[in-house]
Each structure stands twice: as C-alpha cells, then as structure tokens.
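**Student:** Letter by letter, the chains look like this.
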Amino acid sequence: MGRQRRRVDRAAGAGSGTLPEAIAALSRALPCGPSPETFRRAKFDRPEAAPALWQLLFRVLSPVSEAGATAPPAPEAQARLVKAALRSEGYPRPALAQLPEDGSRGSRELLLALSWLLARRPLLERLLARTRVRLGDEVAVCECLGVSTGCLGTEPDPCPLQCEDLAFGRANTGLPALGLGSELHVDIRHVQWLMGKLRFQWRNLVSTQQEQCALLSKIHLYTWGCHSDQSLGHLSATETEVLRDPEGSQQLLQVLEQENAHLAATVEWRRRELVFWQWMDTVLDTCPQQAPDAGSQPVFLPKIPDHRAGQWELVAGEMQALEEELRAAAEPRRAAWEAQVRGQSRDPAWSSALRALQETVGQELAALRWAWDQGRDPAQPHGLYRLVRSEPGAPAGRGLQAAEVIGALRSKEACLEAALRQLQGQCRRELARLMGALPGFVWISSPVR
Amino acid sequence: MLPADCSRRLVAELRGALDACAERQRQLERSLRVSRRLLRAWEPAATPAAEPTLGPEAKGEHLSPACTPSSQDLKELELLTQALEKAARVRKGISKAGGDKAPVPKSGSTVTPVTTTPSHLQAPGQADGRVSETSPPRGICQTKAPTKGHPERRLLSSEDRISWGRGARATRPGPGLRDQQTAPPAAQQAPEAFTLKEKGTLLQLPMAFRKAASQNSRLWAQISSTQTSDSADATTTAKTQFLQKMQTASGPHGPGLSAAEVEAELGRLQEACSLLRLRMEEEVAAAPVDWKQELRCLFTLEGLQALAGQCLCRLQELRAAVAEQQLGPWPVGGSRSTLSPCGAGADPARGPRLLLYSSTQELQTLVALRLQVAMLTQQIHLEKVLMAELLPLVHTQGRWGPRELSLCRAVHSLLCDAGERFPTVLQDEPTG
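For the record, the sequence lines run as chains U and B. Counting along the first sequence from 1, when you hit position 214 you're at 213 in numbering that gives the first Met the number 0, and nothing is skipped either side. Counting along the second sequence from 1, when you hit position 44 you're at 43 in numbering that gives the first Met the number 0, and nothing is skipped either side.
Some clues are possibly wrong.
Stated by the list, open to error - Coverage of chain B stretches by chain U, computed from C-beta distances (three or more under 8 Å per stretch; other residues unrestricted): (1) 8-15; (2) 30-36; (3) 74-85.
Unchecked claim - Estimated spans, in silico, between C-beta atoms of each pair: (4) B:Gly397 with U:Glu323: 47 to 53 Å; (5) B:Gln243 with U:Leu183: 47 to 53 Å; (6) B:Pro2 with U:Gln253: 54 to 60 Å; (7) B:Asp4 with U:Ala352: 38 to 44 Å; (8) B:Gln226 with U:Ser230: 55 to 61 Å.
No wet-lab data here; the hints were simulated from the structure. We put the beta carbon where it would ideally sit given N, CA and C, even for glycine.
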C-alpha cells in the first residue's frame, strides 16, 4: 500500500492532505482514470497495473476524433501509438520505447510518463476543455481553430482547441495520398479539376453558412427573454434543442454532470497535488539506473513520409529569397547614404538624432517580431465565443462586438489579398519572361484582374 | 503528364484541402438540420419521457408514465376542454372589447400559484400530479385568465399542459410578447403544434439543467482562477524538479522539443516570412522626401535583413534538433492532440466570452469574412505549393510541342488566375 502521510495542518492550502486523497482525486479527474490501487501497484512495477495505464495514455494522447471512438483499437496498436506519441513529444527516457507492446509490463515507466505529461502542461484542464460541453452557439472568430468548432455548431461537439491547420488543407490522416496507388501520373487537367472542385465546395460552404446564420438569428429572436441568465437574454439553439427533445437532452444532462464531476475532481487535485509530486520523486528513485543508450533506440518506428518534409524546404527557400531581396534593397541605399554622409560633419545633435531614429526603428521591428513570436496578431480577436444577440446600443462591457471583429477580419482579408496578388504577379512575370523568350510563338497573357 | 512524385504531392495536397472542406460542410449541415427542425412546428413525441420535467409546449399530448388515464379521467378531460373553449370564446370577446390589461411577467419570474389552489372540479389525477411536481421550476409564466378566479386559472394552466395540442388556448394579450396572436377559431379544429415563432418566448429550461449549467460555469471559473494563480509556489517548483530529474535520469539529451512545438515554430517562421515581406514592400515602395526618411528606410531594411537572417538560423537549428532527437511525425496526422499548445484558445478554462451581434446581416457578414480569410490563406498556401511544383517543370521543358504549350497554358492559368482565365498562345507560322 502507499505511504500514508498525515498532515496535521490541513488548512495549509496547496499540498496539504494525504497521498491517497490526492491519487483518488487524480483518478476521478482523468477520463477513464485507473483506480488508485493501480497507481500504487505501478510504483512497484507490478504487471497487473500495466494494461490500465496503457489504455489511459492512449486515451490521453490520441487525437480528438479517436478519443471518443466507440471501438478502441487492439492493445498492440494502442501501445504503438502511445510510444510514437510520447517520442514525438520528446519524452526523455528511452526505457519506454523498449517496453513490450502486448501491454504486459511497464507500469512504473507508464506512471512516470503520465506524471511527465501532467507536469509539463495543465493536462487535465486541456483534456476537459477538448470535450467541454458547449451550451451556447459557439462561433470562432478566427481560423486557427479546428474544423469542428468553426461551423456554428449547435450540437455539443468536442471542441479541439489546438492549432489545426484547416487552412493548409492537411490530410486528416497521416498517410498521404491514400488510394493514389493506381494514379502514379496525373495530368495537369486533373489538378485543374481538383482546384475547380475546391472552389465550388467553398462557395457551397459559404451559402450553407449564410443559411445557418439566418436560422440561428431567428431562433435567438424568437426565444428572447427566456434565459434565466439575464446577461444572455435568449436561448441558444442547443438549449432550445434541449427543450424540443427532452430525451436527447437527458444525455446532454448526463454528460454535463459527468463533466462537473471531473471538474470538481480537478479542482481538488490542484489543491492536493504537491504530495503527489513528492511521491513521484520516490518512484523515480526506485527505478534502476539505466546506462544511457548510445545511438538510436532499438525500436525505431518507420518514418512516415509526409508532406511536412516539403514544408521545411518551402519555408527555408522563401526565407532565403527574402534575405537576398532585402540585401539587394539595403546595400545600394547604404552605399548612397555613406556617400552623402561623408561630406557631413559629425556634430552631437546629429548623432543623437541618429540614435533616436535607430531606436524607433528598433522598436517597430521588435513589435513586428512580437507579432509572429506570440503566434498571433494582437489586434485580431481569437478563440471561441458564445453568440448572443443584443441591441445595437447595448453597453460595451459585455463582450466582443461583432463590428470590431468585422473590422479586424476585413483588414486581414486585405493583407491576404495583397499577398496573393503579389504571388500571382510574380508567377505572371516569370512565365511571360519564359514564354516571351521562345521563338515562333506569340504569348498573350490573360488580362490582369 | 506530370512526373510521379510531383503528381503525388499535388494530389495529396488538394485532396487534403477538399477533405477538410467536406468535413466542414458535413458539420455545418448537421447543425443546419437541427436549426431547421427547431424552426418548424415541433411534433409531440410519441413516447413518454422518463421524467416529467418537460416543456409543456413540446409534449402537449404527453402523459407521464406514472399516471395512465382512466376512463373517468378522460371524461373529466372532456369537460375541461369544453369549459376551456367556452372560456376562450368569452375572453376573446373581452379582449376584443377593450384589450386585456393582464400583466405578463417574463419567463423566469412568477409562476401561477397552481399548487396551492384546490379545485372543486377535481382535475384529473395526472394533472394534479404533474402540476405539483413540475410547476415550481417550470411555468408558463403567463397567466391565461387573469380576470377569472383561481380555479379557472389553475384549470387553464393545467389544461395547457395536457391539451396544448388542442389549440384551445385563447389569444394571449400582453406587451413584450413578440409573437403574434394565434388565431383560435382556425386552430381549434386541428391540434396545434408548437412553433418557436409563436411561443418561443414561453420556454424555460428545466431546473436540473439550469443547475448543472450554472455549476459547470462556476467550476470552470474556479479552474481558470487556480490556473492563473499557480506561479512560483511549492507545487510548481516540485513539478519543475521532477521534470529535471526525469531529464537527467535519461541521459545526455538536450531539453526535449516536442513535434508539436517544432511545428508551431515552423508556422511562426512562416508567418514571420510573410510579415517581413509585407514590410519590405512597404519600405521599398515608399519614396523618402528628406534625409530622415531615407535613413529610417535604410535602418528598417537592414533591420529586416537581420531578422530574416535570424529566422533562417532558427530554422536550421530546428531542423538539426528534429534530426538529432529523431522526433517522428505525429502518429495520426496533424498535432491534433491535447498536448499541443492551445493556439487561439489560450485559456480554455476561461468563462464563456460573448460575441454580440445586432442583426442577421451583421452575423452573416462576420461569418462570410471569416470564411473568406480561411479561403485566402488556403489559396496562398496552395499557390506556393503549385509554384514550387509546377514552375520547375515549365523551366525544364526541352522541346516546345503542342503538349508542352498546353501545359504552360494550364500552369499559367492555375498560378496566375486561380484557374479562371487562360492565356493565348499563337503559333507564329512563317507564311509560305
């Protein structure tokens, strides 16, 4: 059994309390959390604790769409995915990769892996956030979020708050070009056809989206004044659906209550977790010291060729080209300036003006750098919002105004359009140059829009 | 025909884009179905629900399973219906005469005191049971017959629950109601199903639901407050120590980068590229009028160049780190797990933030713009991919026969006009 440490001073805040309570809170807070007994057994590397921990890690590490899947894959597949995911996360201990995949051993290592994940990030909160019940009509004001959130979904979809690259059109499966076995060579017309299809699908999407907006707006209008929460004022489509279909809503209620239970357990865990970390130190100590592996790990997963490799090249190429262009732009100017300055005398006022200018430019560039470092443009609103209809003259403190978002989106649209035009212009010039050099043909380019 | 690897990459990229779009469409259509259903007339359910916390509007004909109607109950029901129709007629006469001044409290406020009034009419057992069970939290908040006495009011309310479908309701007077007056004569014949348009303002969420929802938001608020407040305390230090111990126990590897972090950084560097480029174009296009502006332009360009150089270095560092750590690609496509940094929703535990809109038009504009931004981002990415794949092909053409020319035309149209227009090629035949 685990150690019992009774602290007299219960009211000391974070960290006080017993280990069993902390572990119990953790096990309640985790989705399909193993029993507290499993944790204790894992410390001593008991084999019977291993399967539950494999399953837990699989559940935690698999992407959103699979987390709720009804049929979990076979234990071997689960174990493989767990190993690959942890490797991808940068898990430092090589012992994990050496565990057998039938799930029969390794509970201590898995416990360490779980704790490692818990320590690095607010794992529990993230797990809960991705399956959070959304009662309102949620709308994303930016395109950083994934597919399942940005559609004004009225059903409580699981909401992945990760950087899903919808805009980059990455295949949802890691294996590229499934079914391309027979079409090794395609004609350019096939590419044109695919592009046309994509355009058409976007147009479709836009019109469907418009209809959904109109309907939601009506629902909000018709249920005005019904909500018990005065700040909201009207029901969302999800809530109205609850009233229309009480049987279905029973399910929703159950999920909501389950989430509440998990949340309460997480709050308790946060209070008690210090004891757990102290215990984990001892678990780490009981591991036999391993000689660090020289060279690659014995279990080496085959590298799946994906088009992400191509992206390195793209970005590197772009960046290099950009540097070249900047150099080409800056050097002549520097030369011209130096020539001008040679004639000037160096008086203190002039050099202080110089310094001031340098500083302002430095600040501007720092702001620019911040814009991409932070991963977002500070002027752009981000994230999920609950859609609420309100009178135009309402007090501004309640939330984000749609007009603001529209303004920000318009400016972003303008930027993107400019970028696209620039790229297209580049292509146009290059192709014209190429074709113009050909003898015997007259090339008439399409009119510029 | 395009070479094999080029084909594969292009088709993979485009298929990915199509799949993502299709997935979005599917989800949107699902939501659309729900919304359409909500705006149609709600059908009364065929099967009884387990718990009588029902919207009366939805389950007009619906009886709780505990009380199956007996023949006597049915008879009394008939009596009630007739009485109600009579009352409706009478009230219609009154309201037509001078307008009813009944106060109409909004949902959520008072509930008619149905439980307290005994009725000498011996309302059917089920009505009794249901009323007492459900009335405190539920409640059509509008009294139907404010001028009549208690029994009738109670009668009407309970009657409502039972025979909503009969359409025997009177017209509802009252300010603040957005819906129109229902036309009783026409509706009295056929059972009138609930429509959101007419009676939407009467809805109220069940108590259990509201409780759960408020507890939910309270707990989330608690969680987000504990998250923000746990900096530099005993727990954090314990965690950091544990992580360090894990790192050193495993051998001399550098601090682990996760594949997700690498990808995020790659995305950031890409963003850096476009921002730097935009800035450069601004500076190059500007015409300096005095020495100060010239100098400023020079400093900016040199600064941008330095930044570009730094980004390139970082890029190479990342590549080396990935190779050294043998960070595999994420096993199931994309970094769609809990572990990648939450991009936009940086604080998932934050309470629901509100987006306020004032008209359908505004909402539609917002959403259309967002889609447009997404589409443009995708287009830009595809443009770069196409440029990288197709331009080299055009460069390496050997002979220039009709096939190569048509390839060129296609490439030009794809790259320069997004496939909407074609250039023309004329063969300049020497005459004779």
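**Student:** Each hint needs a verdict: does it hold in this structure or not?
**Tutor:** Here is what the structure says about each hint:
no.: 1; hint: 8-15; result: holds (count 8)
no.: 2; hint: 30-36; result: holds (count 6)
no.: 3; hint: 74-85; result: violated (count 0)
no.: 4; hint: B:Gly397 with U:Glu323: 47 to 53 Å; result: 29 Å, violated
no.: 5; hint: B:Gln243 with U:Leu183: 47 to 53 Å; result: 51 Å, holds
no.: 6; hint: B:Pro2 with U:Gln253: 54 to 60 Å; result: 55 Å, holds
no.: 7; hint: B:Asp4 with U:Ala352: 38 to 44 Å; result: 56 Å, violated
no.: 8; hint: B:Gln226 with U:Ser230: 55 to 61 Å; result: 23 Å, violated
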